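*Asks:* Residues per chain, in single letters:
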Amino acid sequence: MLNYNSPINDQKEYSEIRITEVEPIIKLNLRGKKRDFMTKIGKELSIIPPSDPNTSSGNEKFNILWLSPDEWILYSNDKSDLNNTNFLEEKLFNEVSKSKIGSITNVSDHWTMLNIKGKNTFDLLSTGCPFNFNDFKNTKGAVAQTLVNHIDVIIHNKDLNNLNLFVRRSFANHLWSWLNDSSRFF
Amino acid sequence: MSKNLRITNDKFIDQTSRISFKFDGKTLYGFKGDTLASALLANNIHLVGRSFKYHRPRGIMTCGSEEPNAIVQVGNDASMTEPNTRATEIELYEGLVASSQNCWPSVNFDVGAVNNFFSPLIPAAFYYKTFMWPASFWEKYEYFIRKSAGLGRSPTEPDKDFYDHRYLHCDVLVIGGGISGIIAAKTAAQNNLNTVLIDDKNKLGGTTLFQQNECFKINNTYSSEWLKKEIESLNLLQNLTIKTRTTLAAYHSYNYLLARENLTDHLSLSEKQNKVRQRLWKIRAKKVIISTGAMERPLIFNNNDRPGIILSSSIKKYIDYFGVKCGQKLSLFTNNDSAYETAVSLNKSGVTVNSVIDIRDKTDSLIVRQAERLGIKIYWKHTVVNTSGYKRINSIDIMKLSDDGNEVVGKKFSEDCDCLGISGGWTPRVHLFTQSGGKLKFKDKDNVFLPDKSELEQISIGSCNGDFELDSIIKNSVESINKFLNINNNDYKNLEIVCSKELDKKNIWLLPSDKPLGKTKPFLDFQNDSTASDVKLALREGFKSIEHVKRYTTTGMGTDQGKLSNMHALGIIAETAGVKMGELGTTTFRPPYTPLTFGTIVGRNVGEFFDIIRKTPIHDWHEENKAEFENVGQWKRAWYYPKKNESMHEAVQRESKAARDSAGMLDASTLGKIDIQGSDASEFLNRVYTNAWSKLEIGKCRYGLMLNEDGMVYDDGVTTRLGENHYIMTTTTGGAANVLSKLEDYLQTEWPELDVYLTSVTDQYATVSICGPNSKKILSKVIPDLDLSDKEFPHMSFKNASINNVKCRVMRISFTGEHSYEINIQSSYGKSVWEKCFEAGKEFNITPYGTETMHLLRAEKGFIITGQDTDGTMTPVDLQMDWIISKKKYDFIGKRSLYRSDTIRDDRKQLVGLITDDPKEVLEEGAQIVSETNKQPVEMLGHVTSSYFSPNLNKSIALAVVKNGKKLKGHKMFVPMKNKTINVTITDTVFLDKDNKRLNA
Amino acid sequence: MFLINCPYCGERDQSEFSAGGEAHIIRPKQPTELSDDQWAEFLFMRKNIKGVQLERWNHAHGCRKWFNMVRDTSNDKIHAVYKMGEKPPIK
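Note that the protein sequences, when read in sequence, are chains A, B and C. Be aware that the first sequence starts at 1, since it is given in my numbering, and climbs by one per residue. Be aware that the second sequence starts at 1, since it is given in my numbering, and climbs by one per residue. Be aware that the third sequence starts at 1, since it is given in my numbering, and climbs by one per residue.
Looking at chain A on its own, in the form it has when it is part of the complex (with noise of 0.2 Å):
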């Protein structure tokens, strides 16, 4: 047996703001230009790839977040085994990129997910992210690429005060300092 390891493996409290680590999750990167490309992951799916910039679309098992207009995150709702990456990756594969519309990579351990909840969410974020959350907050669903300390992040509005937040395992460890050490003068 191979032992798993995520980057984080905590959570934690503070005033109106709560931490996790959500893993292990899927997570595939979709690219296409085609309309052959939509119709096909439609259908294997049943969620089509949001066109219009920011947004998301998903159903109870998964969310596929806009990036660019020929590129997608894909990421499932619930931790899921290694199997399922497995199977729906090939799936995918075979049906996208060997077909060649488009392209479909792994990168469930490329990002790591957090899931930050609380009223002070957003106030935790302005301290490191030049984005302007002001509509964002009451958009469910809305998305952004942007910089939390000058790392790299992809966050998904999942609710009311609650997010979903993607960024690079590599630099997880210190975006994870980083929230905990602000989270302290809230």
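Hints may be right or wrong, so weigh each one.
Pulled a few chain C residues facing chain B out of the computed Cβ check, cut under 8 Å [what the hints assert, rightly or not]:
#, residue
1, 1
2, 65
3, 73
4, 75
These aren't lab readings, by the way, just hints derived from the structure by calculation. Nothing here was measured: the structure is a model prediction, and the numbers come from that model. Where is the CB? At the ideal position from N, CA and C, for every residue including glycine.
With chain A fixed as given, assemble chains B and C onto it according to the hints.
*Replies:* Here is chains B and C on its own, set in the frame of chain A:
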């Protein structure tokens, strides 16, 4: 506390809660709500510092951020002390310790004061002129000048306080919470605009807050009463955020502003603990309303700098707001109406006002009449020609002005006083407007610069926009706000406003005296001790531009940035040079508006957050096994693993030998990895790498060199063909982000026709590299079902495999020249696989090695490291890597540049090997290489790029770039060092296993 | 600090972007047929205008897309942004 200097006034100051503090070692008392300045004045302390050049005694002069004199050192802790803070802005707290600056041994007896007597010998630019020659003496001069200059003490230990940053986005930012700012904030917030109002004081209201004068009424109440209700109504507004104790520091383009909020500076020492001290707000506002008000100007006359000479409006604030008398017997000296408000306030509080000296002819406004009714003596058309009193003013000399105002006439007479209020009119605070790129216009009538044109969404309202009368402030502000926010607010339309109107104005920048200018000291810049005479001298010496005069005389160059002095300097220059003020321009107002602490500027980016740290999935193992780490870009990479008492050299020698003798393992997870998919993937690789890719079989790996368009080597790495249209590219650790961005650039802009998708997977995979003669045996233990025969799995090929049901990719590639494998597995299992390999390798003494050993091993084989052996000026030909340039390909990035006249020169610097005559002598990386030792100057032919002691060859080896090096193989060269010259011979770049036998060992 | 309107993502802080120099310099399709001088013209020669300039920018920390910008270098005013392949909207 001298009781007789406080009047009963508990509106703003809590006179029931006494606070003790220390100034210059003496324990004093004040009240909650005091500033250090108001508390000192209440203790009858005016003298708080010495001037910069002449060490003249100086006293508190203002009540705000423009204070030039009362700059003090706060705190005496080696980590917390702060120099150059303004006593007028420090809120009193229990335990405050402050001291005077720029005086030695004490503010009352200052040795440097002898400069005052020599002052005729120390004119403008004295230091520049005197200490210029001989140049080599400067260091000696500097020592003494610095010692006597003394602009406070820096903390000597790290700051223990916390500082942080916050971003803030709003529809409307209102800067300044005076009457117009309050109207603006209320109007904006009421109209559903997300509004932020900031003010540098602890209470909103500006100067109207304490205006209780019959001559200034709104709807039949004092203007202060009316404003109080307005301020209360702000609390009901949901859209409004109010930040007091917050100073706007900088106003940049695109309405990006920085404001410093003071969170704990006013709290007692115990309350400050574990809180953020100051916060820097990074504000992005859709619209900005500047309502920063105006500041009073001093008057420029002989000896106008004595302690006890205070701006008239500040005296008013001290009495009306703080309940502090600045003296018992005051005189006021003015050229405008506002001093009369002060006279009335003082009179009402029972303070004797000797007289008001007014340079104007008799005028008859409401406020003047009120003063007259109270029996206050007024000297019309008079001026103060001198003042007396060394550490505190004790009398003034007064004379009548001539009709043209150029000279004084009649008999001189004196008046005793212990405080002189001066008012030279008002200067709108246009600093922020000009910081934002706005252009100013000059208004002759009021002698003020006003905001004119701006490219940004902003307006200035109130007195910072040149409105000085209560009724016009309200009327014009409301009109501007309505237009700016495109709304129609009628709330302020029908106000009944009573206000005194100034009927006459007169301005004399430099007031005449009965003595010639050379014999007087009319100070312009109080902090830098420059006088009107200095400015005139500069003009006589040929300086014309205001920017030059400023630097020559240092006028306006202190910590106050000349807030009080700039206008007079301009006025005197204009007058002397005979030009109009508007044509002269102004000096540049640069951010920050008031000084910022370094703590505020860096925020939480200190200590562990100084720079970003990236860690590999195997990082914890390296830490547990006592690795020393090296910074590679933002990554922390294991550098070497010292066993107990081992030096770095010993550890690296051991690791290097083990890797070649049996087995070594390296964490290579930091290498950049890019997943490439799409039907044009092969064509894409053909275009970005120098070699050919179309014929690479699926399952095979190839080394590639990437150039810039100028033909210089940019990055390198191994790319593997995973499928028909699927590759995985590796890049150097440091180059990963740049390579991806460069490739995206070509795909998006030059070759949009290519069907290729790039996805970074650097963090998706952990990479465990196992090398050495026993690597095959170890891998077969880790992945028993993988056929590792050379036939099935030759060098430069890859296999899909799985370890305990976890998929992985195994590449047989080598950066050490040894038989070697790289296992790429999803990061979450990286540490576990590493441990498994380590376990499996134990019987073969598998040795984890770090980046230093990796560098040594590849140098033995002559493999380059881009960025170490290349520096952006090396072509593949320079690197003797001609073999990697495809002759068949029509084009690839950088191809055309490889036969430019410059790149085909024979005498370019080329990569070679170096062997030292003494095999024990290890060269220093960066050392220069020459061909002659007895010539001076001698041509530098190149330098050492990599150098190590090779345990496997038992000698020193090095790589170097040398001019025309390819043709110099076998030649002797010299590496001159500080104490010796090292003899070297140019060799081939490959030192070990020239025919690559070890790859298949 | 500019506020840049990414043609794909909307208004974002300048720190999310990186600048890529002068726009509309097309890489020659047949570099091998160019003289040294012609190639040098493409490789090295860039305008550096005081005034309105066409520039390349990349939303590096957002959608990773490259786009063009019309910017006045004398006052930093951004007059327009437009996608790669499009013509400058104003000049």
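*Asks:* Using 8 Å as the Cβ threshold, decide whether residue 73 of chain C counts as touching chain B.
*Replies:* It is violated, given that the least Cβ distance between residue 73 of chain C and chain B is near 12 Å, above 8 Å.
*Asks:* Should the interface hint for residue 65 of chain C be scored as holding, given a Cβ-Cβ cut-off of 8 Å against chain B?
*Replies:* Holds. Min distance 7 Å.
*Asks:* Does the CB of residue 75 of chain C sit less than 8 Å away from some CB of chain B?
*Replies:* Holds: closest Cβ of chain B sits about 6 Å from residue 75 of chain C, inside 8 Å.
*Asks:* Hold the hint about residue 1 of chain C up to the distance rule: shortest CB distance to chain B must be less than 8 Å.
*Replies:* 4 Å, holds
Against the hints set out earlier in the document, a violation occurs for number 3 only.
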